[in-house]
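> For the record, the sequence lines run as chains P and X.
For the record, in the first sequence the residue sitting at position 6 is 6 according to this note's numbering, with numbers rising by one throughout.
For the record, in the second sequence the residue sitting at position 42 is 42 according to this note's numbering, with numbers rising by one throughout.
Everything labelled a hint here was simulated from the structure, so no lab data went into it.
For every residue, glycine included, the Cβ atom is placed at its ideal position computed from N, Cα and C.
Check before you lean on any hint, since a few could be wrong.
To be verified - On the chain X side, residues computed to face chain P include the following (Cβ under 10 Å):
#1 Cys13
#2 Phe39
#3 Ser43
#4 Pro86
#5 Gly110
As the list claims (entries may be wrong) - In silico DSS-like links for lysine-lysine, alpha-carbon gap of 30 Å or less:
#6 Lys41/X to Lys69/P
#7 Lys14/X to Lys64/X
#8 Lys41/X to Lys14/X
#9 Lys111/P to Lys14/X
#10 Lys3/P to Lys55/X
#11 Lys3/P to Lys14/X
Stated by the list, open to error - Pairwise CB distance ranges (calculated):
#12 Pro76/P to Thr104/X: 19 to 25 Å
#13 Glu17/P to Arg112/X: 30 to 36 Å
#14 Ser5/X to Glu17/P: 31 to 37 Å
#15 Thr56/P to Lys66/X: 43 to 49 Å
#16 Asp67/P to Ser43/X: 36 to 42 Å
#17 Ser54/X to Phe63/P: 34 to 40 Å
#18 Ser41/P to Leu76/X: 38 to 44 Å
#19 Pro65/P to Leu76/X: 50 to 56 Å
#20 Gln104/P to Gly53/X: 17 to 23 Å
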Amino acid sequence: LAKTTQPISMDSYEGQEVNITCSHNNIATNDYITWYQQFPSQGPRFIIQGYKTKVTNEVASLFIPADRKSSTLSLPRVSLSDTAVYYCLVGLLSGNTGKLIFGQGTTLQVKP
Amino acid sequence: GAVVSQHPSWVICKSGTSVKIECRSLDFQATTMFWYRQFPKQSLMLMATSNEGSKATYEQGVEKDKFLINHASLTLSTLTVTSAHPEDSSFYICSASSAGKADTQYFGPGTRLTVL
């Protein structure tokens, strides 16, 4: 399973754009890149998933370069409620063999 | 869509007792369910993978006789912590994926277990 490396923590201010980069040098051909958000004492919440290039949804964008060895989660105009831990995961779920291994995640602190 | 529930949301028990935690996929059929444990200020640690109708696959270091997992239907998996001890106190989280969208896991809200 591909290992991921993220910054342990980041600070931002309300209204700013936040970019969190994740390194996954050993990503396999069939691996997807998925980002989750977790608040204290809650289960992780799916944010976005991609395979290559750029993916955008109503809450975030995911940028994946051609070599797929890294990815960047972009949160536009963050608010205080975006303070959470963000996890980047790489893996393929396929029937009986798929599983995801969580790294330490990035703790994002949004300040007023 | 893709809602996963857990019950109970929190439980307090005495040392030596067994506790069962349920994980349900409410609006999809979960061919695979995963169980995680999370200690304070730490990341999620995968405990086991369970497929409907099959025995669970446990991660290295996780005692299968202590953490019994049953995945008897496509919408329900249970984790039973047998003979619980204070060191088993943790936040237990399940996730589920479906055959139709096997590349995404959806997580339950978690269960806080406190063993006295």
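> Going through the earlier hints one by one, which of them does the structure break, listed in rising order?
1, 2, 4, 9, 11, 16, 18, 19, 20
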